[in-house]
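2 protein chains.
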Amino acid sequence: MSSGIGSHAGGTALPARDVEIPVAVSARHVHLSARSVEALFGPGANLRVHTMLRQPGQFAAEQTVTLIGPKGRIEHVRVVGPPRSQDQVELSRSDELVLGIDAPLRESGHLDGTPGITLEGPAGGVTLDHGVVCSLRHLHLSPADAVALGLHDQQRISIHVAGERALTFDDLVVRVAPDYRMEVHLDTDEGNAAGIGPQGAFARIVKAGG
Amino acid sequence: MSSGIGSHAGGTALPARDVEIPVAVSARHVHLSARSVEALFGPGANLRVHTMLRQPGQFAAEQTVTLIGPKGRIEHVRVVGPPRSQDQVELSRSDELVLGIDAPLRESGHLDGTPGITLEGPAGGVTLDHGVVCSLRHLHLSPADAVALGLHDQQRISIHVAGERALTFDDLVVRVAPDYRMEVHLDTDEGNAAGIGPQGAFARIVKAGG
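Top line first, the protein sequences correspond to chains A and B. Using this note's numbering, the letters of the first sequence correspond one by one to residues 1 to 210. Using this note's numbering, the letters of the second sequence correspond one by one to residues 1001 to 1210.
Calculated from the structure, these hints are not laboratory results. On a predicted model such as this, the values are computed, not experimentally measured, just so you know. Fair warning: there could be bad hints in the mix.
What the simulated footprint calls covered on chain B by chain A, stretch by stretch (three residues with Cβ under 8 Å from a Cβ of chain A suffice, anywhere in the stretch; the number is not a length) [claimed, not checked]:
1. 1087–1097
2. 1169–1180
3. 1192–1200
Quick partial rundown of chain A residues pointing at chain B, CB under 8 Å, derived from the structure [what the hints assert, rightly or not]:
4. Asp129
5. Arg165
6. Leu167
7. Thr168
8. Asp171
9. Asp189
10. Asn192
11. Ala193
With a cut-off of at most 25 Å between alpha-carbon atoms, the simulated SDA-like pairs for lysine to any residue come out as follows [to be verified]:
12. B/Lys1207 - A/Gly209
13. B/Lys1071 - B/Arg1156
14. A/Lys207 - B/Arg1156
For glycine and all other residues, C-beta sits at the position ideal for the given N, C-alpha and C.
Next comes chain A alone, as it looks inside the complex:
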């Protein structure tokens, strides 16, 4: 796997539809503020790295929490580090049904008007009055890869995933930042619907909108 587009293209921009883009399926997870890390895991606690993720600096932490909603609870939910300024819980629709929470489709960090939830850790609980979202499917790109692909931040594109459950996702939002690495993020419902197993998948861009 190349780390970007440039090495495929030898410096020449490739037509976007010829590029194979790695797809990551994100299971339910939690981003925590430093304050919530201490409330859940004890004074002075830090997140410990379990697995580094493809997005630079991001990691699945060793720590997990229990999510508690009005209808049910889900245990062993992974914390993704490092800590952020805001607590954020990312669920699939299937998870929402288990918990009894109706969370809107949102980009990461866009938390106004989202529902709350209770988190439980080994050292205590935290009740959030907002912060639960169903993540809007998206493509992470570095600025250089965005130029190479002819795409820009906040653009909506359609991507095709091949396989025995082949499908095309519309309205995938492009997100460009210096610390991003080319990768499509789907939730588990989307990954399952596309037949993506533990080995991951690749997608191709089939349409790029405004």
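Position chain B relative to chain A; hints supplied.
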């Protein structure tokens, strides 16, 4: 809702892509043989109608069972009647992960080489040595609607579902029989990935293959 194509078209075949096709999202469910109905619910037990389904004669029964796999159990799983010649359990990939069962994508009734499972009812348990599938997405059509749409049994088509999670499913299999009524069937992962809520949705055919 019209019961078929003819009433839209006044006898003239419509181009397939102009027809709005109702989409049903099938949650996990179980089809039982008459023998398994008695084993699970007691001697002489019959399935009782909870809700009639859109496919003629088919109904969600009042009865439910518990599914038990190597990794977990799922309670309150609906039985769909009437009884069939073979037991069949239809799961989503999300369900398979909970139960620890890896079931293949299959058309209904094609059960060779599928994994087994244990069912538990109020009167006893049944262990199946095969019969668990992940349902292959499909379109039910009556022979008259198939003619009107220019489609045939076993054809593969692509359908588009509009909405905030708009997408196009490829490789939907067309199934034509006299007792079928026009309806796309998806599983819950597929329905969630397409943003289909309890109110249901409509799909349009965007491609019809061989």
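So, going through the hints one by one against the coordinates:
Restraint check on the segment 1087–1097 of chain B versus chain A: 3 residues with Cβ-Cβ distances below 8 Å, three needed, restraint holds. Given as covered by chain A, the segment 1169–1180 of chain B passes the check, having 3 residues with a CB less than 8 Å from a CB of that chain where 3 are the minimum. Proximity of the segment 1192–1200 of chain B to chain A, defined as three or more residues with a beta carbon under 8 Å from a beta carbon of that chain, is established by the 4 residues found. Checking A/Asp129 against chain B by beta carbon gives a least distance of about 25 Å; that is not within 8 Å, so the hint is violated.
Because the smallest distance between the Cβ of A/Arg165 and any Cβ of chain B comes to about 7 Å, under 8 Å, the interface hint for this residue holds. At its closest, the beta carbon of A/Leu167 sits 5 Å from a beta carbon of chain B; the interface hint therefore holds under the 8 Å criterion. A distance limit of 8 Å between C-beta atoms decides the matter here; for A/Thr168 the minimum to chain B is near 4 Å, and the interface restraint holds. With 8 Å as the threshold, the beta carbon of A/Asp171 comes within range of chain B, its nearest partner Cβ sitting at about 6 Å, so the hint holds.
Satisfaction of the interface hint for A/Asp189 is found here, the shortest Cβ-Cβ separation to chain B being roughly 4 Å, below the 8 Å cut-off. This hint holds: A/Asn192 has a C-beta 4 Å from the nearest C-beta of chain B, less than the 8 Å allowed. The interface hint given for A/Ala193 is met, as the beta carbon of that residue sits about 4 Å from the closest beta carbon of chain B, less than 8 Å. Simply put, B/Lys1207 and A/Gly209 have alpha-carbon atoms about 21 Å apart, close enough for the 25 Å limit, and the pair holds.
With a CA separation close to 34 Å, the supplied pair B/Lys1071 and B/Arg1156 exceeds the 25 Å bound. Distance check on the hinted pair: A/Lys207 and B/Arg1156 sit about 22 Å apart at the alpha-carbon level, within 25 Å; holds.
The structure fails hints 4, 13 (numbered hints given earlier, in ascending order).
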